[in-house]
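Residue numbers (my numbering), protein chains in the order written: chain A, 1 to 333; chain B, 1 to 333.
Hints should not be assumed to be uniformly reliable.
Keeping only pairs whose Cα atoms sit at most 25 Å apart, straight-line, the calculated DSS-like set for lysine-lysine is [what the hints assert, rightly or not]:
(1) A:Lys107 / A:Lys161
(2) A:Lys278 / B:Lys278
(3) A:Lys58 / B:Lys316
(4) B:Lys278 / A:Lys264
(5) B:Lys58 / A:Lys107
(6) B:Lys316 / B:Lys161
(7) A:Lys58 / B:Lys10
(8) B:Lys260 / A:Lys264
(9) B:Lys189 / B:Lys161
(10) B:Lys103 / A:Lys42
(11) A:Lys58 / B:Lys58
(12) A:Lys260 / B:Lys332
(13) A:Lys107 / A:Lys58
Covered stretches of chain A, as calculated for chain B (at least 3 residues, CB under 8 Å) [unchecked claim]:
(14) 35-44
(15) 80-92
(16) 255-261
(17) 277-291
If you're looking for bench data, these hints aren't it; they were derived computationally from the structure.
A quick note: this is a predicted structure, and the numbers were derived from the prediction, not measured.
Every residue gets a Cβ at the ideal spot worked out from N, C-alpha and C, and that includes glycine.
Protein chains: 2
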Amino acid sequence: MIPTIKDVAKHADVSIATVSRILNSQTGYSEKTKQKVLNSIKELGYQPNAVARGLINKKTQTIGVLFPDVSSMLSSAILKGIEDAAHNLGHSVIVCHTASRGKRTLKYLQLLREKRVDGIIFASERMLEEYYEVVQQMDVPVILISTESSYDIPFVKVDDKRASYSATEYLVKKGHCNIGFISGPIEDKIAGLPRLEGFKQALYKNGIQLRQQNIVVTKGFGYEHGRDSLSFLLERSPDITGIVAASDEIAVGVLTSAYKLGIKVPDQLSIIGYDNLKIAEMAIPPLTTVAQPLYQLGKEGAEMLLHMLITGEKAKSKILPHRIIERQSISKR
Amino acid sequence: MIPTIKDVAKHADVSIATVSRILNSQTGYSEKTKQKVLNSIKELGYQPNAVARGLINKKTQTIGVLFPDVSSMLSSAILKGIEDAAHNLGHSVIVCHTASRGKRTLKYLQLLREKRVDGIIFASERMLEEYYEVVQQMDVPVILISTESSYDIPFVKVDDKRASYSATEYLVKKGHCNIGFISGPIEDKIAGLPRLEGFKQALYKNGIQLRQQNIVVTKGFGYEHGRDSLSFLLERSPDITGIVAASDEIAVGVLTSAYKLGIKVPDQLSIIGYDNLKIAEMAIPPLTTVAQPLYQLGKEGAEMLLHMLITGEKAKSKILPHRIIERQSISKR
DNA sequence: CTTTTATACGTAAACGTTTACTCTAATTTT
DNA sequence: AAAATTAGAGTAAACGTTTACGTATAAAAG
Numbered sequence: 001m002i003p004t005i006k007d008v009a010k011h012a013d014v015s016i017a018t019v020s021r022i023l024n025s026q027t028g029y030s031e032k033t034k035q036k037v038l039n040s041i042k043e044l045g046y047q048p049n050a051v052a053r054g055l056i057n058k059k060t061q062t063i064g065v066l067f068p069d070v071s072s073m074l075s076s077a078i079l080k081g082i083e084d085a086a087h088n089l090g091h092s093v094i095v096c097h098t099a100s101r102g103k104r105t106l107k108y109l110q111l112l113r114e115k116r117v118d119g120i121i122f123a124s125e126r127m128l129e130e131y132y133e134v135v136q137q138m139d140v141p142v143i144l145i146s147t148e149s150s151y152d153i154p155f156v157k158v159d160d161k162r163a164s165y166s167a168t169e170y171l172v173k174k175g176h177c178n179i180g181f182i183s184g185p186i187e188d189k190i191a192g193l194p195r196l197e198g199f200k201q202a203l204y205k206n207g208i209q210l211r212q213q214n215i216v217v218t219k220g221f222g223y224e225h226g227r228d229s230l231s232f233l234l235e236r237s238p239d240i241t242g243i244v245a246a247s248d249e250i251a252v253g254v255l256t257s258a259y260k261l262g263i264k265v266p267d268q269l270s271i272i273g274y275d276n277l278k279i280a281e282m283a284i285p286p287l288t289t290v291a292q293p294l295y296q297l298g299k300e301g302a303e304m305l306l307h308m309l310i311t312g313e314k315a316k317s318k319i320l321p322h323r324i325i326e327r328q329s330i331s332k333r
Numbered sequence: 001m002i003p004t005i006k007d008v009a010k011h012a013d014v015s016i017a018t019v020s021r022i023l024n025s026q027t028g029y030s031e032k033t034k035q036k037v038l039n040s041i042k043e044l045g046y047q048p049n050a051v052a053r054g055l056i057n058k059k060t061q062t063i064g065v066l067f068p069d070v071s072s073m074l075s076s077a078i079l080k081g082i083e084d085a086a087h088n089l090g091h092s093v094i095v096c097h098t099a100s101r102g103k104r105t106l107k108y109l110q111l112l113r114e115k116r117v118d119g120i121i122f123a124s125e126r127m128l129e130e131y132y133e134v135v136q137q138m139d140v141p142v143i144l145i146s147t148e149s150s151y152d153i154p155f156v157k158v159d160d161k162r163a164s165y166s167a168t169e170y171l172v173k174k175g176h177c178n179i180g181f182i183s184g185p186i187e188d189k190i191a192g193l194p195r196l197e198g199f200k201q202a203l204y205k206n207g208i209q210l211r212q213q214n215i216v217v218t219k220g221f222g223y224e225h226g227r228d229s230l231s232f233l234l235e236r237s238p239d240i241t242g243i244v245a246a247s248d249e250i251a252v253g254v255l256t257s258a259y260k261l262g263i264k265v266p267d268q269l270s271i272i273g274y275d276n277l278k279i280a281e282m283a284i285p286p287l288t289t290v291a292q293p294l295y296q297l298g299k300e301g302a303e304m305l306l307h308m309l310i311t312g313e314k315a316k317s318k319i320l321p322h323r324i325i326e327r328q329s330i331s332k333r
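The whole structure should be built from the sequences, with the hints applied where relevant.
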């Protein structure tokens, strides 16, 4: 049988209140009894029951994290940051991957509510109205990572538009002036549209005429989307010398496609990615990309959440800096 | 204020016992009261408190998962399988990444104990004696994924030795007879040594003389390890025509290195990986590899655990089948 | 030496459930 | 019609903590 505080109390011949006080290092006991109790604890191998604690304290020291897909490289890097920070501050994290669309997110939200988590993180997960209503009712702090919303919920992310601007401008500065852009879905108001706009703006500011046929809008940010886009793009604009991809996966897809088509990167075609996933480094040639501080995003997000938890004050949203990681997928013109 | 079962009882003018019975769909109430109570529940927006439930039921509907590194592509694929299965069976999963070695695993184990998780999964995480002692005391079911131990703990994994055997033999059947092997650390009794032995055995069975200088033992299974091994291997054995890598990351590292050295894959050098991560597909050229059913491993593992939880019987360990995924990193000789 | 104050505890209620037990009234059996 | 059974409910204890409150003893103050 697993020992309880009662067993400890009995064994040490004190009341459970005293044991509890010692456990929580409050005042109200002598050094002698403390030692006695500590001994009993060790002897019985007692471990406090966090469930009982949670019941009375109304705090579970647990947060919930919602991801569209835990297994994407993006998510897992963020998750690591979250888990690190949470654990450092004495909290556990329950992961929920909401992948298979539909009502799954709502179900998870309810679950987290029943479990009485102390806070919730939406990571790259859209905050819909129906979700917002639920979290409002739950009355727990919420943080958005790598996304934002029309509601007043603190978020931490990079500035997608500016990052995309930087990427584009980097290419321009390298002497490219006929540049293609492979965007994700532009219905995506967070990671889709802003990156396209950053691209457009960079061209505009650098006095380069935008050509509509240089833009291809894909249905997603995945490898396949990039792979399948290159030939289409090249058909319409055979003369482009550089490509800005809205994600590293897209960029790697392009790399693959270029290889198949016998196009040399970076000699004949330059390409810049977005995210700085591990694969960017592993690609052939290693991919120049604009880095999101993924781990940092997770870490900061969790820290913001826990800060809200402790202090009760609302966290201020943060924009984390992006930066260009120069590797070998870009050549000077 | 968040409503409790008491509020529901009062609102519906019944006792809390009745509400509880209805909530748990037991017997002992009329259809009429049921409707009345259901109404009150909806009206108050009541959600049962899983913490209180956990306290009395001694079940938290939560399992803990230990990973050396959540953010590795391997882990995240497994995690997805775990999470899927667990959720389908009404359980949540707490992730713990034990990366930064040392006593962190032990700390996590204690945490999971305090939180009273119903079961624990060790995923690619070594089961040391000190861990074993703790989980023994905890008296919860444990499952090992992608690893095994000297203790009587059910596991689910592929047969590393045979998988490596298959990979090697595949190369042999393609006409290669001077084959290199880039192993992980052979101190690793799970993923290191067995794969090396599978390699040796395959050579032996196919009547190929083993050359010690064809084997390079690395300190890890990462990209860097592969990248930095190729030139070393080629120095000692310039004539090899094929390489078996102990992981996809290693293989991709080799690919990169080969590219830099101007060695054409697969024309001059064939290479087969291990794992079938997403990067295998994304590599240039796409990597032929022996696939571990990662998602499946996670799923089956979680299912085994939950089955133990429900039935109380010990699960039988499982070896899941591996298979060769043919892509384009291997040529016929 | 009495009175006050601080220290070191113990008692019991509370957290939100589940469930064994009890009770009443209705229904069925004999 | 009386007895036995059953359906529909309520009461209260239990789960393992924390904590407000009470109390006895010892130390400090007068």
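Hints, verified against the model:
Our distance criterion of 25 Å between C-alpha atoms is broken by lysine 107 of chain A and lysine 161 of chain A, whose separation comes to about 33 Å. Taking the CA atoms of lysine 278 of chain A and lysine 278 of chain B, the gap is near 12 Å; set against the 25 Å cutoff, the hint holds. For the proposed pair lysine 58 of chain A and lysine 316 of chain B, the alpha carbon gap of about 39 Å is over 25 Å, so the pair is violated. Restraint check for lysine 278 of chain B and lysine 264 of chain A: the C-alpha separation of about 23 Å stays at or below 25 Å, so the hint holds.
The suggested pairing of lysine 58 of chain B with lysine 107 of chain A holds, with an alpha-carbon distance near 23 Å, which does not exceed 25 Å. With a CA separation close to 20 Å, the supplied pair lysine 316 of chain B and lysine 161 of chain B stays within the 25 Å bound. Taken as a hint, the lysine 58 of chain A and lysine 10 of chain B pair is honoured in the structure, with Cα atoms around 22 Å apart against an allowance of 25 Å. At most 25 Å may separate the alpha-carbon atoms for a hinted pair to count; lysine 260 of chain B and lysine 264 of chain A meet this at roughly 14 Å.
Our distance criterion of 25 Å between C-alpha atoms is met by lysine 189 of chain B and lysine 161 of chain B, whose separation comes to about 11 Å. Restraint check: the Cα-Cα separation between lysine 103 of chain B and lysine 42 of chain A comes to about 19 Å, which is no more than 25 Å; the hinted pair holds. With a C-alpha separation of about 18 Å, the suggested pairing of lysine 58 of chain A with lysine 58 of chain B holds against the 25 Å cut-off. Pair hint lysine 260 of chain A plus lysine 332 of chain B holds up; C-alpha atoms about 20 Å apart against a cutoff of 25 Å.
For the given pair, lysine 107 of chain A sits about 22 Å from lysine 58 of chain A by alpha-carbon distance, which is consistent with the 25 Å threshold. Check on the region 35-44 of chain A: 0 of its residues sit with their Cβ under 8 Å from a Cβ of chain B, so the three-residue criterion for coverage is violated. With 5 residues having a beta carbon nearer than 8 Å to a beta carbon of chain B, the region 80-92 of chain A meets the requirement of three or more and the stated coverage holds. Counting residues of the region 255-261 of chain A whose CB falls under 8 Å from any CB of chain B gives 3; the rule of at least 3 is met.
Note: the region 277-291 of chain A has 8 residues with beta-carbon separation from chain B under 8 Å; the three-residue rule is met and the coverage holds.
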